[in-house]
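Protein chains: 2
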Amino acid sequence: MHMRAVIMEAPGQVVVTDREDPRIAEPTDAVLRLIATCICGSDLWPYRGVEAVDHTLMGHEYVGVVEEVGSEVRTVKPGDFVVGSFVVSCGVCEICRSGYPSKCVYFQFVHGTIGTQAERARIPQADGTLVTTPGRPDADLIPSLLAASDVLGTGWFAADAAEARPGKTVAVVGDGAVGLMGVLAAKQLGAERIIAMSRHPERQQFAREFGATDIVEERGPAGAARIRELTGGLGAHSVVEAVGTEESLLQAIRSCRPGGHIGFVGVAHEGVKIPADELFFAEVHLHGGPAPVRRYLPDLLQLIWDRRINPGKVFDLTLPLDEAAEGYRAMDERTATKVLLTI
Amino acid sequence: MHMRAVIMEAPGQVVVTDREDPRIAEPTDAVLRLIATCICGSDLWPYRGVEAVDHTLMGHEYVGVVEEVGSEVRTVKPGDFVVGSFVVSCGVCEICRSGYPSKCVYFQFVHGTIGTQAERARIPQADGTLVTTPGRPDADLIPSLLAASDVLGTGWFAADAAEARPGKTVAVVGDGAVGLMGVLAAKQLGAERIIAMSRHPERQQFAREFGATDIVEERGPAGAARIRELTGGLGAHSVVEAVGTEESLLQAIRSCRPGGHIGFVGVAHEGVKIPADELFFAEVHLHGGPAPVRRYLPDLLQLIWDRRINPGKVFDLTLPLDEAAEGYRAMDERTATKVLLTI
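Quick note, the sequences are listed as chains D and R, same order. Convert by adding 1 to the 1-based position in the first sequence; the result is the number in my numbering. Convert by adding 1 to the 1-based position in the second sequence; the result is the number in my numbering.
Here chain D stands alone, though its shape is the one from the complex:
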């Protein structure tokens, strides 16, 4: 049996090909029939040739229905509607139990090894990786549930790591989907003031809808200076860094007050360096990395189920899986913020 799946053959070359259907290989596996998947900002790194790519299996965000489970799987069963994280995690090792499933001792990135821009996927460590929704979701909830798989969970982790809380001012560096989810999360976590840094009118509009109270268009040192101006010269209590370049990291460090917290989720690539003296004398807290989305999934799914948040709004283009290449192009050219692929 074969299925359709997205492969990136080389930078800029996205094709939908036939691949063999996945099957249970380990007793802890589940095989899912995928319902929806999407293209991530991080998929643009290989697309643009910044990250190595060679016939790579694409896709790491997913919602789907369990088709089959291995003999040791206990928490999901065929027919369950599930959402998973972009990192496979066991849920029981010391690192998972401490809240960092993204660094599980058995961790595996779904990107490149499984690839969920496909009709089906084998998910290892199903008990630790997947979360079942309270029932079969209405169609209009699918985009939001899919967002939970990465961008919402990642933005949430960033806002949480930045300690967005009541009474606090949060600055968000980066107006991509993750930055926008950081705005939504900061709002849910009770932040008093949320400053989105963006110069794109559509994304400013998104940011306002998700809870931004202020927009700053300046970037780099001027952007940081503007944040200080808006915060009595002190800087924001909390900063979400959702870009991952040297310029954006410095912008985040310089926008944060002494003792403040930076949640750092923009994927930093090889060669990106943080000047240690700037970080030292800024005296901020810096925490981030691949988001431990699985930690937040149960709460996020409930918020979505109860229709208290609508992160799915971040998808501004929906295409069938077969038109994935068009979706990559739209995100690369920034004509779309985030592309949902229906399967």
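Honestly, the hints are just simulated from the structure, not real lab data. Keep in mind that a hint or two might mislead.
Heads up, the list lumps identical chains together, so a pair's fine if it works in one copy or across two of them.
[To be verified] Only pairs whose alpha carbons sit at most 20 Å apart, straight line, appear in this in silico SDA-like list of lysine to any residue: (1) K169 / R98; (2) K188 / L304; (3) K169 / E95; (4) K188 / E164; (5) K314 / Q303; (6) K314 / T214; (7) K274 / H286; (8) K274 / R255; (9) K274 / G221; (10) K169 / C94; (11) K314 / D139.
Once you've looked at the hints, dock chain R against the given chain D.
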């Protein structure tokens, strides 16, 4: 009236010269007659020409007796024995109140602007900067009280920022006075296991006396690998970074488990860079900077007063102020860990 004071004229050139006696200039000032001061590891940076120096007023650690106060000073009075931090802080601004006096909006480094390797010093913001001891200390307490002024307070901040706590394993990168004080602090904060990274027999001995349970002699990647080996492959929960070079920062990052905490107090100089991808994928918490020593001083002075800690042991050479140049030489050549200067 004149006094004796240490000036660093140029790298490696330390002289004791005459300077005019300090006087009250602002109503918030106090003038102290200094009892003891010391040479800091950070004084070696200009000594070695790594940091700019040009007839610089040296010294930022001090204990002394208040001689005179300005009209607005409320918490200290002539005759009081006091300990101060190496940063002037007001104690009432939003940043001070949030626990970061080291980044007070009126902050001023004592080094270079006041210089406490001298017979007297004018301390601005006396109410915010100085802490009075419960009485006139016995002579044997002087070294420990002096240590509180910087190295103890800095090591304590590092261990606290690293979240050294009961049940945790703490690795300490750097066997200078601050690293050793990090060991002492980790012990006081209840850490279960404290791994000092040192290849100097005398400093290993110091570390054991202050509470280290293990010594690792390897450095760099081999050092980090050894820490992982000692911690079931996971890395330490908490890491104190007390050096400030690229190598030591990487050693700290690689020694720390995902979700763990690094307390970063080694002064990072211009040009030192942290690879952002290593930091990102390590998924650690990083926090540090010039230590907010003033936050900890009241508690530290009480611990010393009650003879529950003896950080003064870290001074292994005592010289009169007039022989300061000899003290710098000893620290530069590592024949002394830390030099106390009597006044």
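A quick look at each hint next to the structure:
| no. | hint | result |
| --- | --- | --- |
| 1 | K169 / R98 | between (29 Å within a copy, 15 Å between copies) |
| 2 | K188 / L304 | within (13 Å within a copy, 43 Å between copies) |
| 3 | K169 / E95 | between (32 Å within a copy, 13 Å between copies) |
| 4 | K188 / E164 | within (12 Å within a copy, 28 Å between copies) |
| 5 | K314 / Q303 | within (17 Å within a copy, 56 Å between copies) |
| 6 | K314 / T214 | within (18 Å within a copy, 54 Å between copies) |
| 7 | K274 / H286 | both (17 Å within a copy, 17 Å between copies) |
| 8 | K274 / R255 | both (15 Å within a copy, 16 Å between copies) |
| 9 | K274 / G221 | both (16 Å within a copy, 19 Å between copies) |
| 10 | K169 / C94 | between (34 Å within a copy, 17 Å between copies) |
| 11 | K314 / D139 | within (15 Å within a copy, 69 Å between copies) |
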